[in-house]
Every structure is written in structure tokens, then in C-alpha cells.
Amino acid sequence: MQVEVILFGQLTDITGREKILIANVADTDELVKAIEQQYPGMAGIKYVIAADKKLISKNTVINEKTELALLPPFSGG
Amino acid sequence: MKTDNNIYERYNRQLILKEFGEPAQQKLLQAKVLVVGAGGLGCACLQYLAAAGLGSIGIIDNDKVALHNLHRQVLYTVNDIGLPKAEQAARALQQLNPDIDIRAFNERLTVLNAIGLFREYDIIIDGTDNFSSRYMINDACVLTGKPLIYGAVSKFEGQVAIFNCSIQHNEQPVNYRDLFPQPPAAGEIDNCAEAGVLGVLPGIIGTMQANETIKLLTGIGTALVNRLITFNALNNQLYELQLTPQNETRNLIPVDIAAFETTNYDWLCGVAGNNFEISTDEFDKLRKQDGVLLIDVREYDEEPAVDEFAHLRIPLAKLGKEFARTEKDTIILFCQTGKRSAIAAASLATAFGETKKIFSLAGGILNWKQKQPA
Numbered sequence: 001m002q003v004e005v006i007l008f009g010q011l012t013d014i015t016g017r018e019k020i021l022i023a024n025v026a027d028t029d030e031l032v033k034a035i036e037q038q039y040p041g042m043a044g045i046k047y048v049i050a051a052d053k054k055l056i057s058k059n060t061v062i063n064e065k066t067e068l069a070l071l072p073p074f075s076g077g
Numbered sequence: 078m079k080t081d082n083n084i085y086e087r088y089n090r091q092l093i094l095k096e097f098g099e100p101a102q103q104k105l106l107q108a109k110v111l112v113v114g115a116g117g118l119g120c121a122c123l124q125y126l127a128a129a130g131l132g133s134i135g136i137i138d139n140d141k142v143a144l145h146n147l148h149r150q151v152l153y154t155v156n157d158i159g160l161p162k163a164e165q166a167a168r169a170l171q172q173l174n175p176d177i178d179i180r181a182f183n184e185r186l187t188v189l190n191a192i193g194l195f196r197e198y199d200i201i202i203d204g205t206d207n208f209s210s211r212y213m214i215n216d217a218c219v220l221t222g223k224p225l226i227y228g229a230v231s232k233f234e235g236q237v238a239i240f241n242c243s244i245q246h247n248e249q250p251v252n253y254r255d256l257f258p259q260p261p262a263a264g265e266i267d268n269c270a271e272a273g274v275l276g277v278l279p280g281i282i283g284t285m286q287a288n289e290t291i292k293l294l295t296g297i298g299t300a301l302v303n304r305l306i307t308f309n310a311l312n313n314q315l316y317e318l319q320l321t322p323q324n325e326t327r328n329l330i331p332v333d334i335a336a337f338e339t340t341n342y343d344w345l346c347g348v349a350g351n352n353f354e355i356s357t358d359e360f361d362k363l364r365k366q367d368g369v370l371l372i373d374v375r376e377y378d379e380e381p382a383v384d385e386f387a388h389l390r391i392p393l394a395k396l397g398k399e400f401a402r403t404e405k406d407t408i409i410l411f412c413q414t415g416k417r418s419a420i421a422a423a424s425l426a427t428a429f430g431e432t433k434k435i436f437s438l439a440g441g442i443l444n445w446k447q448k449q450p451a
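Residue numbers (this note's numbering), protein chains in the order written: chain W, 1 to 77; chain V, 78 to 451.
Be aware that one or more of the hints could be misleading.
[As the list claims (entries may be wrong)] The list that follows gives simulated cross-link-like pairs (lysine to aspartate or glutamate, EDC-like), each with its CA atoms no further than 20 Å apart:
#: 1; chain 1: V; residue 1: Lys433; chain 2: V; residue 2: Glu317
#: 2; chain 1: V; residue 1: Lys109; chain 2: V; residue 2: Glu164
#: 3; chain 1: W; residue 1: Lys54; chain 2: W; residue 2: Asp13
#: 4; chain 1: W; residue 1: Lys53; chain 2: V; residue 2: Glu317
#: 5; chain 1: W; residue 1: Lys65; chain 2: V; residue 2: Glu325
#: 6; chain 1: W; residue 1: Lys58; chain 2: W; residue 2: Glu36
#: 7; chain 1: W; residue 1: Lys46; chain 2: V; residue 2: Asp361
#: 8; chain 1: W; residue 1: Lys46; chain 2: W; residue 2: Glu64
#: 9; chain 1: V; residue 1: Lys104; chain 2: V; residue 2: Glu164
#: 10; chain 1: V; residue 1: Lys433; chain 2: V; residue 2: Glu338
#: 11; chain 1: V; residue 1: Lys292; chain 2: V; residue 2: Glu99
#: 12; chain 1: W; residue 1: Lys58; chain 2: W; residue 2: Asp29
#: 13; chain 1: V; residue 1: Lys416; chain 2: V; residue 2: Asp367
#: 14; chain 1: V; residue 1: Lys141; chain 2: V; residue 2: Glu99
#: 15; chain 1: V; residue 1: Lys362; chain 2: V; residue 2: Glu184
#: 16; chain 1: W; residue 1: Lys58; chain 2: V; residue 2: Glu325
#: 17; chain 1: V; residue 1: Lys109; chain 2: V; residue 2: Asp176
#: 18; chain 1: W; residue 1: Lys54; chain 2: W; residue 2: Glu30
#: 19; chain 1: V; residue 1: Lys362; chain 2: V; residue 2: Asp343
#: 20; chain 1: W; residue 1: Lys54; chain 2: V; residue 2: Glu325
#: 21; chain 1: W; residue 1: Lys54; chain 2: V; residue 2: Glu317
#: 22; chain 1: W; residue 1: Lys46; chain 2: V; residue 2: Glu380
#: 23; chain 1: W; residue 1: Lys54; chain 2: V; residue 2: Glu338
#: 24; chain 1: W; residue 1: Lys19; chain 2: V; residue 2: Glu317
#: 25; chain 1: W; residue 1: Lys19; chain 2: W; residue 2: Glu4
#: 26; chain 1: W; residue 1: Lys53; chain 2: W; residue 2: Glu67
#: 27; chain 1: V; residue 1: Lys416; chain 2: V; residue 2: Glu338
Worth flagging that the hints you see were computed from the coordinates, not collected in a lab.
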């Protein structure tokens, strides 16, 4: 199983991509671990996870149809 | 320089919208909004709010216009460089619409002026450029019950949302901390000065903030309540996120206004520099509150003596050893000129982490004594 993750803000600079594909993850905790393994620069970076356009606050089961996005805070004005 | 205040002519093109009309125009004319930050977001938002006939507009910003602002802060010209943004923005807007009331506050929004100021307005618009202000504004909006029109930009992307506003009565409002509970560490997220920003982007996002403000005030359309939109200027992608209140969020916001006024948002956001410093006014307000411990870090024989308020005297060199445990959750340090107390504040902050609030009196006791009535 593979999930697609949309990235925003400086996360696209860290990974060099606007979308990344992550394989073999069943929930969002595993997703974060896999992303940090694939993109070590993502470790310790602040962002929130959205699944199907809803903000999630605890570990959530995902599948290949789940629309995933990682959003960092912006401070500029 | 009032015009003949002919609202039927000035606002004709929106008055003839059957969805808008005179009732919506009257709501705008009677509304009061405060725009915090007259930068890229603020300029765009302010221009459209003033043009639309927003009856009373407050602008707070302590910054001055610089040449590198002009690519996105479109209310200013080269003649404004070096002049206060709040006043210059107010002047430009008053020329655009002399029939509305515009007040400029040429000062920084702080924990001490935020609550009083927010209470005078119906809606608060965040156009600031740093996390300390954003978290402070959010918390002040929660404590005063004011809707917050949030906007933020970075490079080519922007975010817009309405926080702290419930359309249905039983609905629990979402605030910024439900989205991002804790501020990022200093340097973790770049600001415009570090990362850069495409000039037109804050124009788009600021205009969206104006649009949401107008919708919220007049009730037309569907305002962005409990939703966040991100916009990417490079590919025109819009992403919309549904937000929900989080149980743990309420614990992160100061419990009441007294707690808010002693919160050091610069410190929470890990801003480097003299982030413990408080002015004599802030000092006088804070020292009278409960749960505050005052410490003079000068040597035992240093003059002038301080008998105006209770305090401990622990010289800086002994502070580490002598100062062990205190029940008080706020510690205010002072010395002769504010230098040693700043060093003491930094070391105590390291020792206590986030368990205590630490402050240092800027200018020291000499400056404080000078300001006391003779």
C-alpha cells in the first residue's frame, strides 16, 4: 500500500517536492516515522497532519485512498 | 475633509447587489474592526475595508516604513520611508474614504494593551509577521470573545481562516491553537524577512481577509468559520481544511486576563534577545499581582535602597546557590541598570524552563526611581 501526501510551505523546500509517496504505512504514526526516515530533514519540524481535509490530533488509521496533507504554520505578514 | 457623505453614490456598486444592499452597508458602517500590523496583509485588507465603508477602523503597528516594504505594502510611497506605518496608513485611507473613522495606534501590541484595545472592536484582524504576536492575538481574542480573521504568508503560499467565532449558538469555536497548539521554536519556521515573499501574495491573502470580514459582518455568503484555506500563488491550488476544537487547547491559553498579562509571548516563541525585559509600567503592574517574587540582584551594599516594595536581595553571583525553591510562579529581577538582571533572567529561565515566568526590569532601579513622583 502506498499513500500520497501533499506538502505545504517550507516542507516542500525540505523534501524538494510538493507531493511525496510513502509505502507500507497503516496509520499516521507510522507515516511520520516513514517520512522522517525517507526525509531526515523533516524530523523535528513543526506541522499538522490532515486526513481527508480534516485536522487530526491523534494516531489515525489510513489507507491508499486517504487524502493526506502536512501543513506547517506560517508567520509572515 | 469630509465629503457630502453620500453613501448612495460612494457605495452604489455594492448597494445595487441584491444580496448586499443597504442593510449590509449599514452593518459595515456601524462596525468596528482592529487591524494588527500594517504590513503586506494589513495594507491590502485595510484598503478594501476602508473603501467598502467599514465605519470604524483601528490600526496598530509600531514599525516604520522601509524601502524594502514597498513591493508589497501598497498603502505607502517613497515619501513615507522612515515614518510610522500606522499613521501613514491611516492618512492614506482617510484620503480614500474621509467619511469613516480611522484611528492609528503607533505602538506595539503587548499583553498590557491588547485586552483593553480588543474590547473596543467587534473583530480583530491579524496581519502580523511573527509567532509571538500571533499567539498573543489568538489568546487575547479567546479571552475577550472576539472573532479573529487570521491570515499568514510565506514565500508563495498563504493561509486564511476565521477563528473564535461560532455561527451556531451551541457550536464550540475553534481558535489558532486548535490548529497549531504550540509556537514553533525560534528559527524553525522562517518569516518573510528570512524566507522572502512574493509581493502580490499578501495582497491576495489580505484581500481575502477583508472579504471574510465583510462576509462575517454582513452575513452574506459563507464565512470561513472553522475552516482554513491555503492558497498557492505559483499553481493556484486552493486547499481547504476543516478545523475542530481540541480538548487540550484550552489549557494552553492563559486562564484569565491577569494570567495573560504576565505571559511572555516572546519567550514562549523562543525569540532570542532581551525577551525577559519589561518596562517600568509593566513592572509596576506586575509587581502588585499575587504570586510574584521580586529579587534585587545587586550587591548587598549598593545604593539606592529600595523600600517602596517588598523584595529579596540576592546578588547575581549568589543567585544560583542561594535561590533554590519558590512557590511563586512569576519572578521579576532588577538591578541598577538592567544588565545584571537580564543575565540573571536568562540563567533562571534556563533553570526553571517553562514552569515559571521570569522578567527583568529594563533600565534598572535607577530608571524606575526617576519615574516615581517626587
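For this structure, which hints from the list above don't hold up? 1, 3, 5, 7, 8, 9, 13, 14, 22, 23 and 27
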